[in-house]
Amino acid sequence: MEISVIKKMLLAGSKNILENKQTLNDMNVFPIPDGDTGTNMDKTMSGIVKVLMEIGDRDLEPEDFDALYKSALMNSQGNSGVILSQWLKGFLKALRDETELDPGNLDGAFISGTQSAYSSVADPVEGTFLTVCREAQEDAEDAFDEDTTVKDFMKNVVEGASESLKHTPDKLPILKEYDVLDSGGMGFLCLVTGMLSALDDDFEYDFSEFESLKPTFSNNGTLGASSDDEQFGYCTELILKIEKDKLASFNSDTVRIDMSSFGNSLVLVQDGCDLKIHIHTLKPEEILAYFHKYGEFTKLKIENMTVQHHENFLTATQDCAIVAVADGDGMEELYKSLGVKQIIRGGQSDNVSVQNMLDACKKASAKHVILLPNNKNIIMTAEKVRELLTDSVLHIVPTKSMAEGYCALSLIDPSASYEIIEKTMIDSIKDVHTGFVSVADKSGVYNGVEVKAGDHIGVVDDDIIVCSSSDAITALIELTKHVPGIEDIESVTVFTSTDVLVTHVQGNITGIKKSCPDAEISAAYGGQGIYDLVVLYQ
Amino acid sequence: MSFAVITDSTSDLSKELREKYSIDYCKMEFSLEDKIFRASLDWDEISSKDFYDSMRSGKRYKTVQVPFKTFDEKFREHLSKGEDILYIACSSGLSGSVNTANVLAGEFRTDFPGRKIICIDSLISGLGQGSMAIKAAQMRDEGKSLEDTAAWIEDNKLFFNQYGTVENLDYLKAAGRVTASSAFFGNLFSVKPILISDLEGHNLAVKKVKGRKSSLFELAAMTAQYITDPLSQTIYIGHADDEASANVVAEKIKELIPGAETSLYVIGPIVGASVGPGTIIVFYCGKHKKEQLNGN
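Chains as they are written, first to last, in the numbering used here: chain A, 1 to 538; chain B, 1 to 296.
Incorrect hints may appear among the rest.
[Claimed, not checked] A short, non-exhaustive set of chain B residues, derived as facing chain A with CB atoms under 10 Å:
id	residue
1	TRP43
2	PRO67
3	THR100
4	PHE184
5	LYS207
6	VAL209
7	SER214
8	GLU218
9	GLN225
10	THR228
11	LEU231
12	GLU261
13	THR262
In case anyone wonders, no lab produced these hints; they're calculated from the structure.
Virtual Cβ for every residue (Gly too), placed ideally from N, Cα, C.
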C-alpha cells in the first residue's frame, strides 16, 4: 500500500474525533486537566487537517510528515492535546522515509507513537490515553502473523484500544469512583477507529466538515524534541535501627548533606540507635541502599506522591464507617452523599429496633462504627447495640434530630480517622438548634401555647413555641423568631416533607431573614414523615 | 537585564506590580460558548464586574492553559533580545502550562543555542505564584544569576502559602480543581470549605466550617497561625468581586497580627472562573506546606 494512504487515515481519524467531540467533552471528570478532552483533541487534529488541505491531491513527501506533526503540536491545546500531538509525532516520524505502508512499519509507527507520548509526560499515569495507545499496539502485535494486512492490523489496534479502554477504571481509581471511562483513551479509540475506516473502499477524501479551517498554517521554528526536565517523586519514609558498632560512624550532619543530592523535604530524627527519615526523592532505591549500610529497617513506606490522592479515595472508610437513623428518601440521599454507609430507616413514629440497628452496624463492617441516632428516644437503643456489637467498636454521637445528624455529617472529612470524625461531630452539634413544624392532631394548651387540632405548630428543641392557623411557612417564620441566639445564627437549613415545600421556603427567604439578617437560608427535600419541616439553625 | 521573569495568567499580578518589577506574562485563554477571551490581568476584553456578574447569573467559563503559540511568541521575543528566561508557571496540579513550556524549552535549545530557559512549577497559583515571580525579579535586580534565582525559588516554593474559601462549591467541582473525596463535598448547605495548596499544588479542602463569616475568620486565624515574619511581607487578599468580605478578612488579620500590611486585589479571570464569585484567598509566606497539611 502506498504510504500516501496515511493522508486518508489521518483525515478519517480527525473526522471521527470531531464527530465525537461532545461525547469526549462530556466524559470529563474531576480532577480534569485543562479544558475539555474532546475540544482539545479536535483542536490538535485540526492542525493535521490544515496541512492535509495544503498538501491536496499530491503524494506525501518526507517533509510533509514533519509539517504534519509540527502543526499538530502548534495547534494542540490542553494536556490531552499535547499528549496526542506527541503521539502523532512519534507515529509520523517513524513513517517519514517510507514509500510503502505495510503492517510491519505500521506496527513500528504505533510503537514509536507510544514511546513519544509517554516521554512527553513527566509523570505518566496509567488508565489514560497512554495505556490505551500502548495496549492497543501490544494487542495488535500479539495477533500479528504473515497473513496480517494493514487493514487487519488496524482492526486489531481498534479492538485492542477498545478492550484497553474498558479497563481504564481498574487502573485509575478516580474513573471508577465516577463510573466513567477515560476520555483521553476514548479519544485514541476514536482516532484509530477513524483511521481504520479510511481503508474501506467507499471512504471519501474530502474536507467538507473542516471548511472553517483556513489554510493559514505557518511553520515558525523547529519543533520536535520533548523535554522531560520536570520532576516528581516518591515520598519515602523509613525507620532504621542503627547497629551499635556503626553508631559512631553515623553523623547526621553528613547524612543531611548527602541527602540533599537525593531529594528534598528531608526530615531526619535520630534518637540513639533509632533513626527516622522522610524524604521526597526520584530514586527511593538509592535512599534504601544508602541507609542499609548502617543497620536494618524496622519500617519502610514508599508512596508515589502523584497517585497518593487517588488512592485515598478508595481506602477512605475501611477503618471507620458511619451508620445513621433517618426517615425519608431525601434525607437518606443527603446522608449518603455525605459519607454514611448504612441507613436505618425510622424516626419519630416508627421506632428502630435494637436488631435493626445491630444489623446495620454489622453490615457496615468496619473496625469503628460511628452511629447517629438522630432522636433522643433512640439513644438508649443505641447503647444496647454497643453491648451486643462484638466485631466493631461503637461510637455514639448523641444527635437528637436528623437536622443535628446532618450538621454533624456536613463538617467532617469522611476519610479522616474515627477519632477526628467523632470529635468533629460532637463539637459541631454543641451550639445548634433544631426546629420542627408539624400539624397538631389534638387541641389543648401546651407550654402556654394554645393549640388547635389541624393547626401548624412550631417546636424548638422539644418545646412547643408557636401555633399558626395558616400554613407551615408562617409557622416557620414565627418559630424562627424564638430560636435562642437567633440574631447570631449564620445558617438556616430547612428539610421539607414534600418538593412543593422547598419552593415555598425559597419564596419566603425574606420573611425568615427578618429574625436573622446575616444567615444563609437553604431548603432541601427530606421526604420525612410527621414533620412538614425539620430546621437546622447553626 | 540578565534574564526575563515571565509568569502566566494565574499569577494575578496587577499592571502596577508587573511594571514595578519588570515581570512579563503569557496569557491563558477562557471561553464562553463560542467566544474566546485572552486572559488579560488588566481585564482588557471584559471588566471584572461583568465577568463575575455573568458567572452569578449562571454563565460558566471554560479555561485553557497557555497556548503553545503564545509561549512560542513570548519566549522568542525575549530570547531574540538576548535574554534568558525564568518562567514561573501555574501549578502543574491545576494547569498543564508548565508541561507545554518545558516541551517548548526543549525545542528552543536548538534554535537559540547558548540561551537558557528555566521553567519552574510554582505548585501554587494566584499571588502565591505572583509573589514568587516578584521575589525572582528582586533577586535578578540584585544581580543574582538565573541559576541561583531558580535554585532559591525551587528550594523555597513550598513556603508560599494559600488559604481560601469559596462562596459556592459548584465552580470548583465543575472545574475539577479541588482534591477531596466526593463525600467530603456531598450535598452541603451554607458549609464553607477551607482550601489550601498542597505539596503537589492541588487545591486541597482541609476543613469545612459553618457559614460565611466563620469561614472568613478562619482564613485570618490560619494566616496568623502559619505566617512567618509577618511584618516583613505583604499579605495579599484576593477576592472574586467581594471587596467587603476581603475587608473583613483584612481587618481580622490586622487584629490578630498588629502592624500587618495587607493588600487587596481582584482575582483574575482564570483563577476566578475556577473558584467562582465571592471567593476569598489569602497569600503569604509562612511555614512549609507540609506543616499546614499536618496541622489540619
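Here is what the structure says about each hint:
{"no.": "1", "hint": "TRP43", "result": "21 Å, violated"}
{"no.": "2", "hint": "PRO67", "result": "6 Å, holds"}
{"no.": "3", "hint": "THR100", "result": "6 Å, holds"}
{"no.": "4", "hint": "PHE184", "result": "5 Å, holds"}
{"no.": "5", "hint": "LYS207", "result": "7 Å, holds"}
{"no.": "6", "hint": "VAL209", "result": "7 Å, holds"}
{"no.": "7", "hint": "SER214", "result": "6 Å, holds"}
{"no.": "8", "hint": "GLU218", "result": "12 Å, violated"}
{"no.": "9", "hint": "GLN225", "result": "18 Å, violated"}
{"no.": "10", "hint": "THR228", "result": "17 Å, violated"}
{"no.": "11", "hint": "LEU231", "result": "28 Å, violated"}
{"no.": "12", "hint": "GLU261", "result": "29 Å, violated"}
{"no.": "13", "hint": "THR262", "result": "23 Å, violated"}
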